[in-house]
Amino acid sequence: MSDKLLEIKDFSVKFSTEYAEVFAVNHVNIEISSGESIGLVGETGAGKTTIALATLNLLSKNASVKGDILFKGNSVFSMSDKELRTMRGAKIAMIFQNPLTALNPVFTVGEQIAMVIRAHENVSRKEAMERAKELLNMVGIEKRRFKEYPNQFSGGMRQRVGIAASLACNPELLIADEPTTALDVTIQAQILELMKQLQQKYSTSLLMITHNLGIIAELCQKVAVMYAGTIIEYGTVKEVFSNPLHPYTKGLLNAIPKLEGERKRLEAIPGLIADPQNLPVGCKFEPRCTKCDDRCKEFMPSMVKINDNHYIACYAVN
Amino acid sequence: MIDKKNVLLQAKHLKKYFKLSRKSYLYAVDDISFEIESGKTLGLVGESGCGKSTIGNVVMRLIPQTDGELLYKGKDIFKVDKNESFELRKKMQIIFQDPYSSLNPRKTILQILSEAFVIQKVCSRNEIKKNVLELCDIVQIPHNLLNHYPHELDGGMRQVVGIARALSLNPDFIVCDEPVSSLDVSVQARIINLLMDIQKKRKISYLFISHDLSVVRHISHRVAVMYLGKMVEIADTDDIFRNTMHPYSIALLSAVPTIEKFGENKTRILLQGDVPSPINPEHGCRFVKRCWMTGPKCHTSEEPPFKEVESGHYVACFYAEKARMLMNEYTKNRGKINND
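One line per chain: the protein sequences are A and B, in this order.
When we follow the working numbering, the leftmost residue of the first sequence carries the number 1, and every step to the right adds one.
When we follow the working numbering, the leftmost residue of the second sequence carries the number 319, and every step to the right adds one.
The reader is advised that the hints may include incorrect statements.
[To be verified] Some residues of chain B that are not near chain A, with every Cβ distance over 12 Å (derived):
id: 1; residue: Gly357
id: 2; residue: Gly364
id: 3; residue: Ile510
id: 4; residue: Leu571
id: 5; residue: Gly602
[As the list claims (entries may be wrong)] Using 25 Å as the maximum straight-line C-alpha spacing, the simulated SDA-like pairs for lysine to any residue come out as follows:
id: 6; chain 1: A; residue 1: Lys264; chain 2: B; residue 2: Gln590
id: 7; chain 1: B; residue 1: Lys518; chain 2: B; residue 2: Asp321
id: 8; chain 1: A; residue 1: Lys238; chain 2: B; residue 2: Lys521
id: 9; chain 1: B; residue 1: Lys333; chain 2: B; residue 2: Leu388
id: 10; chain 1: A; residue 1: Lys258; chain 2: B; residue 2: Lys358
id: 11; chain 1: B; residue 1: Lys607; chain 2: A; residue 2: Asn151
id: 12; chain 1: A; residue 1: Lys250; chain 2: B; residue 2: Asp530
id: 13; chain 1: A; residue 1: Lys258; chain 2: B; residue 2: His466
id: 14; chain 1: A; residue 1: Lys258; chain 2: B; residue 2: Gln415
id: 15; chain 1: B; residue 1: Lys625; chain 2: B; residue 2: Met319
id: 16; chain 1: A; residue 1: Lys264; chain 2: B; residue 2: Thr555
id: 17; chain 1: A; residue 1: Lys196; chain 2: B; residue 2: Thr555
id: 18; chain 1: A; residue 1: Lys9; chain 2: A; residue 2: Ala52
id: 19; chain 1: B; residue 1: Lys640; chain 2: B; residue 2: Ile597
id: 20; chain 1: A; residue 1: Lys14; chain 2: A; residue 2: Ser80
id: 21; chain 1: A; residue 1: Lys72; chain 2: A; residue 2: Glu267
id: 22; chain 1: A; residue 1: Lys258; chain 2: B; residue 2: Ser532
id: 23; chain 1: A; residue 1: Lys264; chain 2: B; residue 2: Lys640
id: 24; chain 1: B; residue 1: Lys425; chain 2: B; residue 2: Glu402
id: 25; chain 1: A; residue 1: Lys264; chain 2: B; residue 2: Ser595
id: 26; chain 1: A; residue 1: Lys264; chain 2: B; residue 2: Asn561
id: 27; chain 1: A; residue 1: Lys143; chain 2: B; residue 2: Ser595
id: 28; chain 1: A; residue 1: Lys91; chain 2: A; residue 2: Asn122
id: 29; chain 1: B; residue 1: Lys521; chain 2: A; residue 2: Glu267
Hint data in this document are derived by calculation from the structure and do not stem from the laboratory.
Positions of the beta carbon are idealized from the N, C-alpha and C atoms, including for glycine.
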């Protein structure tokens with residue numbers, strides 16, 4: 001067995017509806033080793049969340065899957081329901097974007113966390129409750145609040161509860177799907193700091209999904225930039241952000257206003273994000289790209305190694 | 319610095335309290351004053367619930383003010399009669415945050431953009447279409463979209479329609495209430511460029527409300543920071559970002575994750591807890607409970623005065639100088655990190 005914790009191999013997802021077929025994810029490859037944190041960044045509809053859900057085999061029934069996702073060498077798609085149940089929450093845990101809908105409104109936060117523990121481990125109710133209190137304490141919520149309901153917490157506090165619940169069984173991989181998008185920036189800073197600390201403490205692997213490049217820069221070692229269901233650039237955060245090569249990554253970085261330095265006119269990326277029902281045959285970014293040629297129209301460029309820390313899928317850069 | 323001769327809009331001690339019950343009030347906007355020069359942008363930043371949007375709504379007279387004055391070209395627009403008020407609406411417009419709910423789903427884009435001309439009767443029926451087409455050229459809406467309905471457009475294009483609608487009557491002043499926060503970055507850049515180009519061409523003033531500090535820095539000439547219904551700091555953009563003085567502004571600025579610095583060494587001021595409730599807040603400084611550098615004066619019921627610390631730079635903090643000193647140290651440290 002390899003030391004890879006999660007391997008996503010040539011993975012594609014297609015959703016079929018009555019009217020159309022939607023190509024949400026196309027030939028994606030990602031590997032996560034233990035203790036590693038990887039950021040998945042892209043705009044709306046890039047397929048980020050679909051990958052997260054697929055990792056837990058939680059895709060809806062109209063999704064058809066090609067390729068494979070291996071967790072510790074076992075395909076998540078060939079697991080039985082029982083195996084999936086033991087994996088979800090205990091080995092791979094997820095933090096959701098909206099902490100209010102992710103929590104059950106009719107149970108106290110303490111009960112909800114204890115429930116996670118009881119689902120996976122053979123412990124008494126009392127013991128589970130004790131551990132829930134410890135977990136809440138760890139994420140910075142006073143123990144006395146464990147009997148309160150989610151609606152009594154603020155957004156930031158709810159997300160802390162979500163984090164506590166996801167860490168309840170010491171998962172090996174944590175998937176965070178836009179965990180701070182619904183939060184204010186000072187609260188976001190608190191949550192990111194907390195995640196950073198916990199990740200270092202427990203050396204959990206992290207798959208961070210976000211559209212905010214700044215969050216990736218703060219929290220991750222590696223970054224994969226997604227566009228229209230494909231990964232177009234991949235590498236260490238330092239390498240990709242300081243030396244972006246793909247026209248889309250460059251465009252994205254130039255489109256963001258900066259907090260420091262000179263205020264230059266923003267460079268908008270022309271055109272619209274590719275329609276996943278009607279993707280271009282060749283490079284998915286080709287219709288919006290300024291550097292493309294005929295080859296880009298016909299063939300999808302494959303990932304090319306620039307150096308050990310940097311991979312890119314583009315014909316124009318070589 | 320504000321050029322007093324060039325002021326288009328001036329708010330004086332603006333207040334908006336929402337009555338919740340006999341004894342409790344929500345102090346959404348509490349004694350706010352600011353000036354906007356013509357052709358310039360005032361950025362308004364703060365976290366959710368600090369009263370940014372309420373200011374926008376009060377300025378647009380969408381909700382009545384509790385107290386205060388709002389001078390447009392020297393005239394208090396809270397006191398004008400109905401006819402004048404109707405005329406003034408041509409001059410002041412608003413772009414809303416959510417381009418999905420701010421366009422009538424049962425009207426085509428042409429109808430939406432014609433509405434202002436029809437209501438204000440600025441031109442004859444025949445000219446309306448011509449004016450709408452001109453409008454579309456300015457903001458680059460393809461003419462073939464005019465017969466479509468809002469749901470057929472993507473978020474960015476809808477926001478462009480929202481901008482076109484605000485521009486239709488040639489206003490002097492537009493409130494932009496989080497116009498780009500629901501958009502992806504590549505679309506966001508296009509909208510920001512569009513707003514800035516229009517400002518240059520038509521000398522329109524903006525009140526730009528946003529929670530995104532980098533967007534505000536990019537578009538604004540002057541920036542005001544709000545916390546819990548109060549303005550805590552206002553200064554010219556470069557000044558406020560380089561020479562931040564209020565402890566809250568400093569913390570807010572340090573909390574933004576950026577791609578310019580690669581994590582690890584970045585000093586960050588983490589605020590404890592959440593923004594407290596604006597319902598019946600205690601007297602004195604509203605930020606004191608989360609502040610990272612309080613002094614003896616802070617815990618009294620005395621409210622820190624909003625005073626001019628440097629020319630054009632107003633801060634509501636007893637210890638602004640000390641906060642700035644700490645901030646400078648912090649910037650120096652960051653500078654060191656850069657050199658390494």
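Inset, instruction - Could you check the structure against the hints above and give me the numbers of any it violates, in ascending order? - result: 2, 3, 4, 6, 8, 13, 17, 19, 21, 23, 24 and 25
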